Amino acid sequence: MSLRALTPGTVLFAVLLTLQSPASAGNDWMPPVLDATVKKECGACHMAFPPGFLPARSWTRMMGSLADHFGEDASLPNDKLEIVRLYLESNAGDVVTRGRAARYMQWVTRGGTPQRITESPDFLRKHRFRDSVWEDPKVVTKSNCLACHTGADQGNFK
Amino acid sequence: MIRRLMLTTVIAILPLAVTAALPRTAIAGDARRDAILADYAAKAGTASFSAQRGETLFRTKSTGGDPRTSSCTACHTSDPRQPGQNAKTGRPIEPVAVSVNPRRFTDPATVEKQFTRDCRSVLGRDCTPLEKGDYITFLAGQ
Numbered sequence: 010m011s012l013r014a015l016t017p018g019t020v021l022f023a024v025l026l027t028l029q030s031p032a033s034a035g036n037d038w039m040p041p042v043l044d045a046t047v048k049k050e051c052g053a054c055h056m057a058f059p060p061g062f063l064p065a066r067s068w069t070r071m072m073g074s075l076a077d078h079f080g081e082d083a084s085l086p087n088d089k090l091e092i093v094r095l096y097l098e099s100n101a102g103d104v105v106t107r108g109r110a111a112r113y114m115q116w117v118t119r120g121g122t123p124q125r126i127t128e129s130p131d132f133l134r135k136h137r138f139r140d141s142v143w144e145d146p147k148v149v150t151k152s153n154c155l156a157c158h159t160g161a162d163q164g165n166f167k
Numbered sequence: 196m197i198r199r200l201m202l203t204t205v206i207a208i209l210p211l212a213v214t215a216a217l218p219r220t221a222i223a224g225d226a227r228r229d230a231i232l233a234d235y236a237a238k239a240g241t242a243s244f245s246a247q248r249g250e251t252l253f254r255t256k257s258t259g260g261d262p263r264t265s266s267c268t269a270c271h272t273s274d275p276r277q278p279g280q281n282a283k284t285g286r287p288i289e290p291v292a293v294s295v296n297p298r299r300f301t302d303p304a305t306v307e308k309q310f311t312r313d314c315r316s317v318l319g320r321d322c323t324p325l326e327k328g329d330y331i332t333f334l335a336g337q
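From first to last, the protein sequence lines are chains L and W. Note that our numbering numbers the first sequence so that position 12 is 21, with each residue one more than the last. Note that our numbering numbers the second sequence so that position 41 is 236, with each residue one more than the last.
Extracted from the complex, chain W is given alone in its bound form (with noise of 0.2 Å):
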């Protein structure tokens, strides 16, 4: 009784460790996400996306799209960990970095109807399969 008993403290327990031991990087990882950076890689041409450029497209101020989101910042905040707000709307926005949103970029249906509202907004035009991977990219490292 009392083998079975510390069996199955271990076993409730090991998915615990495991994840203690992890990096983070590897906590913020998850097989959806993974799967639409995979889509994206393949519509891109090339699996090999950048933080850094992710970085720059978040960043960026655009005279292309609406004035009220000149960059994705204007609802983001400069500080993707932070809470945001619609420019628009006023309606609170939750943080987009993956570390402390770890839902973000998980249902492909979602990301890709953002992204097309979002892009249009910021830039006034649909963003590239190579932009959204270089954007998710980023901050699934944040």
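One chain only, chain L, in its complex shape (with noise of 0.2 Å):
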């Protein structure tokens, strides 16, 4: 490539890249959900979680349980019940096991179906913050990712 190909746009470009790339983003980084259904559906009540946060038969178990999601009525129709799962489950940590995925999952029992991100020992051992932190009024509660992490739902968990 030569200089003058260089534009002030390539260039703006090329930094961005590097902003955005997993690499510099170290250990923080958990690809994010890049499906417009899963992210219109999931993101209806709460930041569609990155599935790698979970191994794919949590999160089977979990689609297969929407009428009573945490206590909430998260039912879904058919069709896009569908397209939800199999994201989720072909982008599971166990299955795409890059940024953060890895450490999920190093506390996944065999066979075992964790449904709470935030009983993780990895999340745990990030988020000891006194109890006022939690009653922030803008947290509500501990899966409010954004809240803290204004770039989570782009995979950025600094």
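In short, the hints are calculated from the structure, not lab data. As the structure is a computational prediction, the values presented were derived from the model and not from experiment. Mixed in with the good hints, there may be bad ones.
[To be verified] Simulated pairs of lysine to any residue, SDA-like, Cα-Cα distance not exceeding 20 Å:
#1 K151/L / T305/W
#2 K49/L / D313/W
#3 K151/L / T284/W
#4 K48/L / K238/W
#5 K147/L / T323/W
#6 K49/L / T301/W
#7 K89/L / H78/L
#8 K48/L / D274/W
#9 K147/L / T301/W
#10 K238/W / T323/W
#11 K48/L / T284/W
#12 K48/L / T305/W
#13 K49/L / A83/L
#14 K308/W / K147/L
#15 K308/W / P86/L
#16 K49/L / F310/W
#17 K147/L / K238/W
#18 K308/W / K151/L
#19 K238/W / R227/W
#20 K49/L / Q309/W
#21 K49/L / D302/W
#22 K308/W / L75/L
#23 K308/W / A76/L
#24 K308/W / G73/L
#25 K147/L / S265/W
#26 K147/L / T305/W
#27 K48/L / D82/L
[Claimed, not checked] From the derived model, a few chain W residues whose C-beta atoms are all more than 12 Å from chain L:
#28 A226
#29 I231
#30 V295
Just so it is clear, CB atoms sit at the ideal spot from N, CA and C, and this is done for glycine as well.
Two chains, each in its own frame: build the complex with the hints.
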């Protein structure tokens, strides 16, 4: 590539690419949800959590019990459900072991189907805060990643 | 050439001018929302939805549902033009008032799904077609 091809736009794009890349985000990166249906349906109530935090069988169990989803009826029509289930299963932590997934998978027992990401030892170790932090009105619940990790929906959990 | 250019300009500006001339409520109008309301009207057996009843539904506290969502305002705040926050998950919620969020109540499947979830959460039961029509009518005027 000649120097003339290095327009400001190209340079900016390259810089943005570098900023976005998993390598520079270090250990705090988890591949984010990219599928529009998954983002919309899961995101209707909470940030669509990166599937890498749980193994495929956890997602299978969760998608099979949406009528009681942590106490909520989060039922989906079958066509939507299948799209979401397939995406979560095929991008699960034990399938796509990128980013933080490997660390989270260490916690999962053989055949185990954990449901709460916030019960993972890796989560707990990184979230030892005073009660007042959790009681902040903008937090509401430990699963509200975006309250503090403003780049969480892009996979950045710094 | 100049005439053609002027004509093009007029055609380009016309929709803007028409939009600007319409009253606020008409801008908020949307054929998809009208169709949703018509559907609820058919199910309710009446087309006379009431914004006032909708507002009462929006603001009244209920003890029938989840205590975290004792009224619509628990998540949508008392001002529907303001952004809200899901009282259970903390997720930010876009305003429900149509004037600030014209995409509200335009997708039938989304509307029906949200009513099912939220009515059960707030009231502990499903909303009637009349309540749904009233609610949309209230927020379409907000």
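Status of the hints after comparison with the structure:
no. : hint            : in the structure
1   : K151/L / T305/W : violated, 27 Å
2   : K49/L / D313/W  : holds, 17 Å
3   : K151/L / T284/W : holds, 9 Å
4   : K48/L / K238/W  : violated, 32 Å
5   : K147/L / T323/W : violated, 33 Å
6   : K49/L / T301/W  : holds, 15 Å
7   : K89/L / H78/L   : holds, 16 Å
8   : K48/L / D274/W  : violated, 27 Å
9   : K147/L / T301/W : violated, 29 Å
10  : K238/W / T323/W : holds, 9 Å
11  : K48/L / T284/W  : holds, 15 Å
12  : K48/L / T305/W  : holds, 14 Å
13  : K49/L / A83/L   : holds, 13 Å
14  : K308/W / K147/L : violated, 26 Å
15  : K308/W / P86/L  : holds, 10 Å
16  : K49/L / F310/W  : holds, 16 Å
17  : K147/L / K238/W : violated, 39 Å
18  : K308/W / K151/L : violated, 26 Å
19  : K238/W / R227/W : holds, 17 Å
20  : K49/L / Q309/W  : holds, 13 Å
21  : K49/L / D302/W  : holds, 13 Å
22  : K308/W / L75/L  : holds, 14 Å
23  : K308/W / A76/L  : holds, 13 Å
24  : K308/W / G73/L  : holds, 18 Å
25  : K147/L / S265/W : holds, 19 Å
26  : K147/L / T305/W : violated, 26 Å
27  : K48/L / D82/L   : holds, 18 Å
28  : A226            : holds, 22 Å
29  : I231            : holds, 17 Å
30  : V295            : holds, 19 Å
In terms of the numbered hints stated before, the structure departs from hints 1, 4, 5, 8, 9, 14, 17, 18, 26, listed from lowest to highest.
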